[in-house]
Amino acid sequence: MSFFDLKGTLKPLTALKQFGKQPHTLKETPFVPREAADRYRGFHYNDLEECIGCGNCSTICQNQAIDMVPVEGIEGKKGDSGLRPRIDHGRCCWCGLCVEVCPTGSLSLTKDYVYVSDDADSFLWMPGVDNPEGKERKSFVSTEATSLNDFARIPMPELEGMERVKSFAEVVLGYNEEQARAEASRCISCGLCTEACPEHMHIPEYINAIARANDADAVRIIYDNNPLPEMCGKVCTRRCEEVCAIAHRGEPIAIRWLKRYATETVNNADLIKEIVNPEINAPNGFKVGIVGAGPSGLTAAYYLALRGFDCTIYEAHAKAGGMTMYGIPKYRFPEESLDKQIEYIQKIGVKIHFNTRVGKDISFKEIYEKYDAVFVGVGFPKPWTLGVEGEDLQGSIQAVNFLYEINNGKQVDIGDKVIVIGGGNVAIDAARVSRRLGADVTILYRRRVQDMPADWEEIEGAEEEGVHIVPQAIPIQFHGDDKGHVKAVEYLLAEMVPDERGRRPKPVAIEGSNKTIEATAVLGAIGQQGDYSFLEEEFAEKIRIERGRFVVNEFQQTTDPKIFAGGDAANRTADAISAIADGYRAVKGIEAMLVKEK
Amino acid sequence: MKEIKKTVIEKITTHFKEVTAQQHDGNRVDFFIGKEEIPAILFFLKDEMGYNHLSHIACVDWLEEKEFEIVYIVWSYTDKIKIFVHTRVERENPVMDNVDMIWRQANTYEREMKEMYGIEFTGLEAPEEFLLEDWEGPPPMRRDFDTEAYAREKFWERPGREDARDVRETIIERTGEELPDFAKKYKR
Numbered sequence: 000m001s002f003f004d005l006k007g008t009l010k011p012l013t014a015l016k017q018f019g020k021q022p023h024t025l026k027e028t029p030f031v032p033r034e035a036a037d038r039y040r041g042f043h044y045n046d047l048e049e050c051i052g053c054g055n056c057s058t059i060c061q062n063q064a065i066d067m068v069p070v071e072g073i074e075g076k077k078g079d080s081g082l083r084p085r086i087d088h089g090r091c092c093w094c095g096l097c098v099e100v101c102p103t104g105s106l107s108l109t110k111d112y113v114y115v116s117d118d119a120d121s122f123l124w125m126p127g128v129d130n131p132e133g134k135e136r137k138s139f140v141s142t143e144a145t146s147l148n149d150f151a152r153i154p155m156p157e158l159e160g161m162e163r164v165k166s167f168a169e170v171v172l173g174y175n176e177e178q179a180r181a182e183a184s185r186c187i188s189c190g191l192c193t194e195a196c197p198e199h200m201h202i203p204e205y206i207n208a209i210a211r212a213n214d215a216d217a218v219r220i221i222y223d224n225n226p227l228p229e230m231c232g233k234v235c236t237r238r239c240e241e242v243c244a245i246a247h248r249g250e251p252i253a254i255r256w257l258k259r260y261a262t263e264t265v266n267n268a269d270l271i272k273e274i275v276n277p278e279i280n281a282p283n284g285f286k287v288g289i290v291g292a293g294p295s296g297l298t299a300a301y302y303l304a305l306r307g308f309d310c311t312i313y314e315a316h317a318k319a320g321g322m323t324m325y326g327i328p329k330y331r332f333p334e335e336s337l338d339k340q341i342e343y344i345q346k347i348g349v350k351i352h353f354n355t356r357v358g359k360d361i362s363f364k365e366i367y368e369k370y371d372a373v374f375v376g377v378g379f380p381k382p383w384t385l386g387v388e389g390e391d392l393q394g395s396i397q398a399v400n401f402l403y404e405i406n407n408g409k410q411v412d413i414g415d416k417v418i419v420i421g422g423g424n425v426a427i428d429a430a431r432v433s434r435r436l437g438a439d440v441t442i443l444y445r446r447r448v449q450d451m452p453a454d455w456e457e458i459e460g461a462e463e464e465g466v467h468i469v470p471q472a473i474p475i476q477f478h479g480d481d482k483g484h485v486k487a488v489e490y491l492l493a494e495m496v497p498d499e500r501g502r503r504p505k506p507v508a509i510e511g512s513n514k515t516i517e518a519t520a521v522l523g524a525i526g527q528q529g530d531y532s533f534l535e536e537e538f539a540e541k542i543r544i545e546r547g548r549f550v551v552n553e554f555q556q557t558t559d560p561k562i563f564a565g566g567d568a569a570n571r572t573a574d575a576i577s578a579i580a581d582g583y584r585a586v587k588g589i590e591a592m593l594v595k596e597k
Numbered sequence: 000m001k002e003i004k005k006t007v008i009e010k011i012t013t014h015f016k017e018v019t020a021q022q023h024d025g026n027r028v029d030f031f032i033g034k035e036e037i038p039a040i041l042f043f044l045k046d047e048m049g050y051n052h053l054s055h056i057a058c059v060d061w062l063e064e065k066e067f068e069i070v071y072i073v074w075s076y077t078d079k080i081k082i083f084v085h086t087r088v089e090r091e092n093p094v095m096d097n098v099d100m101i102w103r104q105a106n107t108y109e110r111e112m113k114e115m116y117g118i119e120f121t122g123l124e125a126p127e128e129f130l131l132e133d134w135e136g137p138p139p140m141r142r143d144f145d146t147e148a149y150a151r152e153k154f155w156e157r158p159g160r161e162d163a164r165d166v167r168e169t170i171i172e173r174t175g176e177e178l179p180d181f182a183k184k185y186k187r
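Just so you know, the sequences run in chain order P and A.
Residue 0 is where the first sequence starts when you use numbering that gives the first Met the number 0, and the numbers rise one by one after that.
Residue 0 is where the second sequence starts when you use numbering that gives the first Met the number 0, and the numbers rise one by one after that.
These are calculated hints, taken from the structure and not from any lab test.
Mixed in with the good hints there might be a few duds.
[Stated by the list, open to error] FRET-style restraints, in silico, Cβ to Cβ:
{"no.": "1", "chain 1": "P", "residue 1": "Thr311", "chain 2": "A", "residue 2": "Arg142", "range": "55 to 63 Å"}
{"no.": "2", "chain 1": "A", "residue 1": "Phe154", "chain 2": "P", "residue 2": "Glu334", "range": "57 to 65 Å"}
{"no.": "3", "chain 1": "P", "residue 1": "Ile274", "chain 2": "A", "residue 2": "Lys16", "range": "40 to 48 Å"}
{"no.": "4", "chain 1": "P", "residue 1": "Leu270", "chain 2": "A", "residue 2": "Arg142", "range": "33 to 41 Å"}
{"no.": "5", "chain 1": "P", "residue 1": "Ile274", "chain 2": "A", "residue 2": "Arg142", "range": "53 to 61 Å"}
{"no.": "6", "chain 1": "A", "residue 1": "Glu47", "chain 2": "P", "residue 2": "Gly7", "range": "49 to 57 Å"}
{"no.": "7", "chain 1": "A", "residue 1": "Ala163", "chain 2": "P", "residue 2": "Asn354", "range": "30 to 38 Å"}
{"no.": "8", "chain 1": "A", "residue 1": "Glu147", "chain 2": "P", "residue 2": "Trp455", "range": "33 to 41 Å"}
{"no.": "9", "chain 1": "A", "residue 1": "Arg141", "chain 2": "P", "residue 2": "Ala212", "range": "22 to 30 Å"}
{"no.": "10", "chain 1": "P", "residue 1": "Ala212", "chain 2": "A", "residue 2": "Phe144", "range": "19 to 27 Å"}
{"no.": "11", "chain 1": "P", "residue 1": "Glu278", "chain 2": "A", "residue 2": "Phe144", "range": "35 to 43 Å"}
{"no.": "12", "chain 1": "A", "residue 1": "Lys183", "chain 2": "P", "residue 2": "Thr311", "range": "55 to 63 Å"}
[As the list claims (entries may be wrong)] Covered by chain A, per the in silico footprint, the following chain P stretches (three or more residues, Cβ under 8 Å):
{"no.": "13", "segment": "12 to 22"}
{"no.": "14", "segment": "46 to 57"}
{"no.": "15", "segment": "64 to 77"}
{"no.": "16", "segment": "216 to 222"}
{"no.": "17", "segment": "504 to 513"}
The structure displayed is predicted, hence computed values, not measured ones.
Every residue, glycine too, gets a C-beta built ideally from N, C-alpha and C.
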């Protein structure tokens, strides 16, 4: 090549021949970008209805590109934080991890990849809110197969159905260490569950402690606001699991079983005290009397005692625990489990007077006068009756009384054909206990099986054990033999009629559909009510009771400021964890009232 | 195939004393050898045994054992067998022999390993910037590299993001839950 290459210099000038011609690119206006590939990772789209604001996307983002922020029109509620992700697209590297860890699958990436703006700050926007059209453009979506979430629960080892009915041995065997760690590791720690828990237990924290192999810390966190966790670990109604983020597409984290695992690592009361190592305040001189050693009374007593109050519980029965002792069968909740926890509560300094029925062995007035504050946790001891003919025949027994006798170690003659009436946990418990006593058991329930208020696992367990369930059956009469003993139950079939006010469908009996089923015993389990006969007249007047329950404020205080109430007799949810929550709230109320007064 | 694998193992173990062999299903044989012997064994595989294709060089960060593992994968078109040669270098000041005189393309893998794991290769050609532009942080493929912390420090916060909320705190505020201090370390 020569030093001065004329050809090379002039050649580019030939391009000038195009001068003045129409360009033949960019013919289409506006510019339409090429359609992206099927799994293209373009801008995010978020289905705002599906999203529950768990924040897993924000946590996983290694570029700190995702914030959780409130959105107008979306209210937080149980199972939804009310927050939604907002993405700084200047930071996003389109790795797609946020989509792959999204438990509900609401977050996805679209085929849109063109965004032009002079304003750098306009790259901060909310998927789904600012690009509703993205719904039609989804490409990189989360599926159950590709999701990085683990949707399958570690199965709980349990006794086989027909093996169970041979004894009262505990059905659920509990996780071993390896299983518990694996199950705990499925949790994404969003904490939505804590809002559904009446007691707001610190669920993600103790599950995380289990996942990190620190069971002692887990136990300490659990006891922070629940003094009966082993009971809850076995029989809790676990509202938490209903709102679990993972449950949207998989099986919820076994929160109850993990609590059970953690508490079972501590096998005696001394050890609980050593591990929990609670701070016990010096006595503050106040005395609190508590009526009933059920979950609410025990909770109030435990946390009051830790705060320096002198607590005394009056319990009508020989053992503490209330319905959890006498109502729940031992194959679900063995006595040792309960004893261990009661012993621990006593070690903290709570005094319990057993076999002391208030209203009989000691008057309520005496307690009222003796103590600075009174907590009433008397529960619902009195069963509702059906109000049908023949209900007073021999062999017609109330299920709660039946469970009480059995749990008390007594014999109850139920024969070999038992009919249980009802669909709640008491009905299922009575049915499964009867199976263990060797009877054929049929449950009559007025609504459909899916309407049963009992825990689905209990219903399944009953079916596995050979309990027959006859749904949409309304009993109308019990027939007796000449000795006055029940021999059959007559019932009508029902059809489900939708409720015009939007409530659950109502069962309406079908005329003439009468059926009769043979029975040697009938166990009624259609609910319980309060029994407030222990209150003297002056208190019955002072304390307001509406629809069978004490009227209480946010601190469980009744209309007599000195009296607090909790448990079934004060809340509408009627389960142990709600009772514990009531007890815990009352502690704050009593403390605020007495310590402030001082 | 079994025969060939057996011969390969025999040949290598007679020539190199400090080597351990590991059989695998299929067309794969692994050798573990000290890092000083790497050029020798690779030369031998290429020149004496016909393994003249370098498929890949991989690196594994054994953080807990304070070592990096470098794996050379070579292939023979006649034997139709792939051989994995493993060696370990200490994680603190890792230095490894450069093998680009055996395979020219080894340079690309070595530059990548230098950038991603911080391993020095003696006499590496073009050791400066490879894939990472303006990189100032520690080698990012090391397991102790905290991407999130790096991003937090490296990039400025865009204005308008101050209203971000923590999900757990939002729920705690709403329910009045009192999370004790000792439980806080288990928060997400």
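Status of the hints after comparison with the structure:
1. For the pair threonine 311 of chain P and arginine 142 of chain A, the supplied restraint of 55 to 63 Å holds, since their beta-carbon distance comes to about 58 Å.
2. For phenylalanine 154 of chain A paired with glutamate 334 of chain P, a C-beta distance near 60 Å keeps the hint of 57 to 65 Å intact.
3. The supplied range of 40 to 48 Å is broken by isoleucine 274 of chain P and lysine 16 of chain A, whose beta-carbon atoms lie about 56 Å from each other.
4. A hinted range of 33 to 41 Å for the beta carbons of leucine 270 of chain P and arginine 142 of chain A is consistent with their spacing of about 38 Å.
5. In this structure the supplied range 53 to 61 Å is violated for isoleucine 274 of chain P paired with arginine 142 of chain A, their Cβ-Cβ distance being about 34 Å.
6. The beta-carbon spacing between glutamate 47 of chain A and glycine 7 of chain P, approximately 51 Å, falls within the hinted interval of 49 to 57 Å.
7. Judged by the Cβ atoms, the range 30 to 38 Å given for alanine 163 of chain A and asparagine 354 of chain P is violated: they are separated by roughly 58 Å.
8. Here the CB-CB span from glutamate 147 of chain A to tryptophan 455 of chain P is close to 40 Å, well matched to the stated 33 to 41 Å.
9. For the hinted restraint 22 to 30 Å between arginine 141 of chain A and alanine 212 of chain P, the CB-CB distance of approximately 25 Å keeps it satisfied.
10. Separated by about 25 Å at the C-beta atoms, alanine 212 of chain P and phenylalanine 144 of chain A satisfy the suggested range of 19 to 27 Å.
11. The given range of 35 to 43 Å is respected by glutamate 278 of chain P and phenylalanine 144 of chain A, whose C-beta atoms sit roughly 41 Å from each other.
12. Separated by about 35 Å at the C-beta atoms, lysine 183 of chain A and threonine 311 of chain P break the suggested range of 55 to 63 Å.
13. By the rule of at least three residues with a Cβ nearer than 8 Å to a Cβ of chain A, the coverage given for the segment 12 to 22 of chain P is violated, with 0 such residues.
14. Judged by the Cβ-Cβ criterion of 8 Å, the segment 46 to 57 of chain P is covered by chain A as claimed, because 4 of its residues qualify and three suffice.
15. Counting residues of the segment 64 to 77 of chain P whose beta-carbon sits less than 8 Å from any beta-carbon of chain A gives 5, enough to reach three: the coverage restraint holds.
16. Chain A is given as covering the segment 216 to 222 of chain P, and this holds because 3 residues of the stretch bring a CB closer than 8 Å to a CB of that chain, at least three being needed.
17. For the segment 504 to 513 of chain P, the stated coverage by chain A is not satisfied: 0 residues place a CB nearer than 8 Å to a CB of that chain, which falls below the threshold of 3.
Checked against the numbered hints given earlier, this structure breaks hints 3, 5, 7, 12, 13 and 17; the rest are met.
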